[in-house]
Every structure is written in structure tokens, then in C-alpha cells.
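Sequences listed follow chains W and P, in order.
Residue numbers are given in this note's numbering: position 34 of the first sequence equals residue 34, and the series is strictly consecutive.
Residue numbers are given in this note's numbering: position 310 of the second sequence equals residue 310, and the series is strictly consecutive.
Read the hints as simulated data drawn from the structure, not as lab findings.
Cβ atoms here follow ideal geometry from the backbone N, Cα and C, with glycine treated the same way.
If you only want the chain W side, here are some residues facing chain P, beta carbon under 8 Å, derived:
| hint | residue |
| --- | --- |
| 1 | Ile-2 |
| 2 | Ile-16 |
| 3 | Ala-19 |
| 4 | Asp-37 |
| 5 | Glu-38 |
| 6 | Glu-41 |
| 7 | Phe-45 |
| 8 | Ile-46 |
| 9 | Glu-56 |
| 10 | Thr-74 |
| 11 | Thr-76 |
| 12 | Asp-77 |
Per the computed footprint, the stretches of chain P lying under chain W, defined by three or more beta-carbons under 8 Å from a beta-carbon of chain W, are:
| hint | stretch |
| --- | --- |
| 13 | 238-248 |
| 14 | 252-263 |
| 15 | 291-304 |
| 16 | 309-318 |
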Amino acid sequence: MILIHCPYCDEKRPEIEFANAGQAHVARPLDPSSQSDEEWEAYLFIRANPRGRHHERWRHVHGCGRFFNAVRDTVTDKFETTYKAGEPRR
Amino acid sequence: MTHHSAFSLFAKALGGHQDWPEQWPDAAPKPAYDAIIVGGGGHGLGAAYYLAKKYGITNVAVLEKGWIGGGNTGRNTTIIRSNYLYDESAHLYDHAVKLWDGLSQELNYNVMYSKRGVMMLAHNVHDVQSLQRHVNANRLNGVDNEWLTPQQAKDYCPPLNISPDARHPVLGAALQRRGGTARHDSVAWGYARAAAALGVDIIQNCAVTAIRRGADGAVEGVETTRGPIATKRIGVSAAGNTSVVMQMAGLDFPLESYPLQALVSEPVKPTFPCVVMSNTVHAYMSQSDKGELVIGAGTDQYVSYSQRGALHIIEHTLAAICEIFPIYRRMRMLRTWGGIVDVTPDRSPILGKTPVKGLYVNCGWGTGGFKATPGAGDLLAYTMAKDEPHPINAPFNLDRFRNGRLIDEAAAAAVAH
Numbered sequence: 001m002i003l004i005h006c007p008y009c010d011e012k013r014p015e016i017e018f019a020n021a022g023q024a025h026v027a028r029p030l031d032p033s034s035q036s037d038e039e040w041e042a043y044l045f046i047r048a049n050p051r052g053r054h055h056e057r058w059r060h061v062h063g064c065g066r067f068f069n070a071v072r073d074t075v076t077d078k079f080e081t082t083y084k085a086g087e088p089r090r
Numbered sequence: 001m002t003h004h005s006a007f008s009l010f011a012k013a014l015g016g017h018q019d020w021p022e023q024w025p026d027a028a029p030k031p032a033y034d035a036i037i038v039g040g041g042g043h044g045l046g047a048a049y050y051l052a053k054k055y056g057i058t059n060v061a062v063l064e065k066g067w068i069g070g071g072n073t074g075r076n077t078t079i080i081r082s083n084y085l086y087d088e089s090a091h092l093y094d095h096a097v098k099l100w101d102g103l104s105q106e107l108n109y110n111v112m113y114s115k116r117g118v119m120m121l122a123h124n125v126h127d128v129q130s131l132q133r134h135v136n137a138n139r140l141n142g143v144d145n146e147w148l149t150p151q152q153a154k155d156y157c158p159p160l161n162i163s164p165d166a167r168h169p170v171l172g173a174a175l176q177r178r179g180g181t182a183r184h185d186s187v188a189w190g191y192a193r194a195a196a197a198l199g200v201d202i203i204q205n206c207a208v209t210a211i212r213r214g215a216d217g218a219v220e221g222v223e224t225t226r227g228p229i230a231t232k233r234i235g236v237s238a239a240g241n242t243s244v245v246m247q248m249a250g251l252d253f254p255l256e257s258y259p260l261q262a263l264v265s266e267p268v269k270p271t272f273p274c275v276v277m278s279n280t281v282h283a284y285m286s287q288s289d290k291g292e293l294v295i296g297a298g299t300d301q302y303v304s305y306s307q308r309g310a311l312h313i314i315e316h317t318l319a320a321i322c323e324i325f326p327i328y329r330r331m332r333m334l335r336t337w338g339g340i341v342d343v344t345p346d347r348s349p350i351l352g353k354t355p356v357k358g359l360y361v362n363c364g365w366g367t368g369g370f371k372a373t374p375g376a377g378d379l380l381a382y383t384m385a386k387d388e389p390h391p392i393n394a395p396f397n398l399d400r401f402r403n404g405r406l407i408d409e410a411a412a413a414a415v416a417h
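The shape of chain P in the complex, shown without the other chains:
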């Protein structure tokens, strides 16, 4: 692997960027591995990287049924934040935000993490009380979050309409300054490149079709579209398709998969300096470095694997965007798409062991998994390497749906997160 630097970039520029080597080899599956990760998104590639880097397990394969980062990693709205209400969630998401810091250096790959701030709007008295509670809870957990008046919110994000006559009046906002965005594709590519350099095989176009188990029930390997592969440890990081993979091991999961849509506008000059979210009217927006406004819509109401959603969901979001940011009323939208998100009953992820020996899972991130990419990868790797969860992800076990110790961010956030 060639080291990337300002000098190497300059040298390649002189050559017209014609002779960049491939970032990582296109591996073919070997007969056996020490560990297999199912799912080549950011989370899965991150887990493979940390297994090799921090836990010394380098004989690892990442199996991806399509192409690297072509699922939810390439379909999200790239928002990073950690202002979650409950202690367990705050620790989990802040673990990830801490890893985002310095990730570009660690991977020697620019993931373009930009701490431009995430601002959440309050439109009514309930929002004010709820967001102020979040601010206070976050600060007690050492997570930065602050309360802004409408004028302070407007100063931070000038396109915001804070007129008292607005359809959705702004009564205040909660701002997490460490929040922001990153380039989602770079995250997948950076992890893939760094993991491959440590000996991990990144295998694309290789769908898992069955999970093989021994007489004692422990996993012995997987069947794939490119032949059988033996292994004692499988980490499933398959997002919307987790239920399907878990069925191969005979496990029913507390998950439902929904399409979640996003869209981008035509690219324009920089006008939008931060990320703004409004849970009440269900709209959130930022501007990419390319200049497109990146807008997140809601999920469809029914279970689906179609990777596209209904138009009325987008219409609802754009109506809200036009009210909150009237300057964008004449913007044209360029593309819309959908990803399949796996949602748990309490809207918190499941990250840990399963009842099947050797089978580990990282799922249930619902509509908000991108921000957790480095943290989820690290914690899945830890859990697989030690065969026990890290204290940070221990509360996010599967047993909570039996013993009732839910981490109910669903009630805390109600919608998008």
C-alpha cells in the first residue's frame, strides 16, 4: 500500500492523476478464515480493520454481496453527532465521535470529517423541554451540547427562518458543535484499504446463503455464492438484511426493515454552514462539499427491502424544508434514493453475542448508523476477539427484549435519529 501524503498527491497531479495504483486487491475467498464479517459496509469494514489492528486477528474476510459501501454506507446523509438522551447511548455514540477524531490520520485516508455543528430545532413547548433535557443529560455525560435562542440559531445558520409568523416557528435550538459530517464513501474505502493492508481479504459479489453449524450448535462456516468458507467466528453487520442472515442460523430477531429516503439538490455555492435537524416536522439538511443540499426524509410505514420509497414521504420533507429555509424554495432536486434500515423496538442497536456460539451481531442502528461507524466497528471487533462485549456495548445486548432493560431512545427521540 502506498502512503498518501500531500507530496504524493502533488506528484500524482503532475502526472495528470493517471497512475494511481488500486487501493486494495480484489480478493477471492480462501477455504478458511479465523473470522468472517458478513457485510462490507462501513461498520463491517471497520470491524475487520480493528480486528486486525487492535486485536491481532488478521486472517479475516469481509463478505459483501454487492460492492463495498454500496448499501446504507453510500446512501445515508453523513451526519455525525452523539447527543443521545440515555447514559448508555451517550457513551456508545460518543465513543464513535471520539474515534472520528483522528480517523483520517489513522487510516491515512481523508474521510473529510467536518465539525460544522449539528443543530436541532425546537418548534413548540414540548420540543423546548425535551431538547433542554437532552442538553442537560448530555452535559452530565460529558457530551457537548448547548441551548441557543432563536437569534443565536439564526446567527449560526443564516438561512433559517425565525419569523414568529413562520409555519414552523423556531423557539430555540440545541447545538452540538462537535457534530458534523464526513464523506461516507471515503469511510468505506479508507477502512477497506487500511484493513487490506493488514491482511484482511475484502471479497465483493459474494453473498452468504447459509450458516453451517456443528453438532454442538457452534458456527463452523458459511455457504456463499462463491463456495463454502470455514470459520469459527462470524460477525454479522448486514443492516437491513440482518433478519435474513439470522434466519440462516435459525434465529428470529426483534427487527423490522424499512426504506429510508434521502435526496440531493443541484450543487450551489456554499450557503448552508452546518447540519440542521427538525424532528418535529421531520426534516434535516446539510450541504456537501460538492455544493449539493443533502436532505434526509423519513421512513416508509411498511416493511420493505425495495431500496426505494414513496414520493409522498419526500414531499412531506420538502414542504417542511421550504418553510424552515424559504431561500431554497426554487432549488431543484437532482436525485432521490432509498436504503433499507433495520429498526429495533426501542430504536437502539443490538451489538454483541447471540445465542449461537461463534455468531456475533451488529444491527438495529435504524435510521442513524453512519455516525457510529468507527465505534460499532471497534466494539464488534472487541466482542468477537474476546468473546464478550465491551462495557460500552454490554447494555446493547439481545437479552434486553426478554428482561425488559430497554434503552428507549424511541420514546426519547420519537422520529429521525
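Chain W with its partners taken away, still in its complex shape:
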């Protein structure tokens, strides 16, 4: 089981306390009605699926309940870092 550092609780906790919430830094369009089909497709469905360094969101559901971002290597599953939501991409 993976241990994940929650940047809010500032503790390493087991993976089962957390829920993965998909790719990080996917910004919802500010003006939805002006989006083309292509832009909607990119926002809703197209995902980075890298073999290597990956930015993703996690939620500490059985802890503080807050969302944060993480950088993880998808081959080793090792976490490089975690940081609070709203902070710039690392």
C-alpha cells in the first residue's frame, strides 16, 4: 500500500484514506457556451496518460476531506511531491 503525504494534515497516511480524483490542473472553461465541440472533448475526455511523471488530484476523504495535487511517477508509483490546491504546477 502506498503512503501519501497530505499537505493539509502534514502527515503520511495510507492510500485507503484517499480517493484519486483524476488528472490535475484541468481547468473548467470560464465561458462554457462559447466552447467548440473540440474544446469540450478536450476538457471532458482527453487525458494525459503519461508513462512517467504525472500530475493528479487526490482527496483526503477519510481525513481532512480536502483536495490537493500530487506528482507521481506512473511506472514506479512513487510520489515525488504533494502540494495544496491552488498552488502552481510543480
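Mind docking chain P on chain W? Use the hints.
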């Protein structure tokens, strides 16, 4: 290629099985091919076989970065069924089930397709309604599926616990009698042997590192770890690594790759006559001809290429298995492993053309690609040979994520499929 028969088997047995020839030659890459298949799993080998057999394109290479059938083809739980809800899916998966019939004869290789029946359990009122809807939808599409009472389910699969006091009570079950299992390795080997006999080069330890494109954008070949190879047609059948290969052509795909785990028990005498699946508690099981209980677990929740998953996923599945089949509570598990499955947003595959000329794709089968092996191979071959999709795989195009015509088996099945 020597023809396999009961007589040849008997003759080899007299010789102590010492002088079996190699099943197919270990080919080295040539400078150019009419078509290249990226990925030497069942789907890719099947596509190469059907290209040569049905569509007359024999100058074909299958490029496999590891060894034949060493990816998801050798890691799945070998279940075959076609009881999908939507019309498009029912036709797609039933096309494959029809090809499973007679596949051993066609390939002259025993794939051990056993129609032992796939039974899906209903544990609550929602399950009952959902599975009965599946039964009715399937029958309208000509796909066999029938509803069983708890007692009928117990008669079909005696180890099942149908006590009303059970942790996961059984309120009924849907049974597809044509469903069953096949020997996964045999499928890969059978297709490889039959394709090689028709002139296809099966090239192992040959990873694709780049896709070469001309000034007009069309594909011109691939770079590999064993040198460049020219071709005008590339079919990508790379399962969990599809996103990585598509990036080589500059395409972003609606895919995410997750580890999916399975495990087997120590081998025991035949006790489990069919395949039982429970989507609600996320467990499914069958017994191999070797006697091992073959158990499928769920996917991990995060994107990964690690080919192993977390223990708590397996624990969850085994807890459910022990409740549904109490006789196995003292069984010991022998091996666990993981494969990387590529999952689409609607949990239906993508099988057809891409925006790049000469580049075709067969991906997104998620947790349920094995059952489709012959069908996916045949349809990818058709699409590559004709440069247009077959009516069966036309709805499974990439454009559906733009125009919204999703085939939402995700909502229909919710979990394992």
C-alpha cells in the same frame, strides 16, 4: 507448419514429446512491410492473421516489445461472454463469440473454448432490475441470456451460498450459457502460428520508439529498437500503452491506464462448473482446467503502468468470494499479478481510423478485452484493409467523444466487464 491432429499428438507421445518443431520462426525485421501491427497480444496477432487470411495482405509484421502474449493476453481471467446492454456492444461482442466457435478448428490449435456459462449475480433490487433489463435487451439482439431464480442459480453452481442470511444475498442471476472460458496463451500461440504460416513476421523484443510521417502527414513507417521499418499502414493494438504509442503520432487519446489484478489459488479437483460474476461486490471466479480457482479483482484507482496493484484491492475481492462461496474460505492463493488496462470514458473500446492517414487503432477495451480477441482482430484487419470501418465497429470511432454519441457501458455495468 506441421498439421496438428489426434494422430500427430499420439505419434509424438510415443516419442516422449521430444521432437516437436518450433511453432513459428523467430523473425527478424525486414526494411519494409505492407502493414505493421504494433502489439503482439491476442488482438494484434489476430489482426495479422485475418489480414493475411481474409484480406490477402500477407506482407505483415507484428512488432512486440516483449514476448508474444506476455501482456494482458497472458494476464486476464479468460472469460468470454457477450451480454452487453447496448445494441452496438451486443453486436460487437457477439461477433467475437461467434468467431470463438470453431476457432480451434480454424487455427488448427486447441484454444480450449469451453461454453460453461457465465452467471451474473443480483444481490439487491437494483441488480435484479438492471440484470433483467440486460436479459431482455440481449434477447432482442439475438444474444442468449436468461434469468434464474436463486435455487436455479444454486443448481447451476453448487458452491454458491443462497442463504437469505448471507452477507451478500442472492436474489437471482442472469446466465449466458454460450459464455465461458478459453486458454488465453493458446489463443496468442494459435494466432501467431497460423499467421506465421501465411507469411506474417512475428517479431519479438522489438519496441516501437517513433512513428515516421511524410510531408502530407500520412504514416511512412516506424522507428524501433531493432531499426527503422517502412510501411503505409500501422495498426496499433497496444492495450495499456496505447496512449504512449499515440503520442508518437502527436495524438492525445481519451484513455487512462490502470492496473487490474487477478489471482489464482492452489489447484484442486473440479468443484466450480461455470463462471460467476458479481459486479456489486466486485468479484468474479472460474476454475481452470488445471484446477486453480481463477479470481478477478478490481482496478486500482490511479493511473499506473506498474503491472502490479495494491493488496487492499485483492483483500476486498477475496472477502466477497469467501462470503459468496464459503466452501473456499480455507483455500490458499498461489499467485497474484496485474496487467495495465486502457479505459475510455464510456468504457467502450475505440476501434477504427485515427486523424492520421494510415494509422489505425484498436484500444480502450479496459477490463474486458480478452473475450473480444477474435472479433477485434478481424475488425481491425477489415478496417486496415479497406481503409474504412466495418459496420460493426463503425460506432466505436474516436469521433464519438466529440459528437457525443457515446456507447455508455460505463453507466450500464458500472464496474467489471
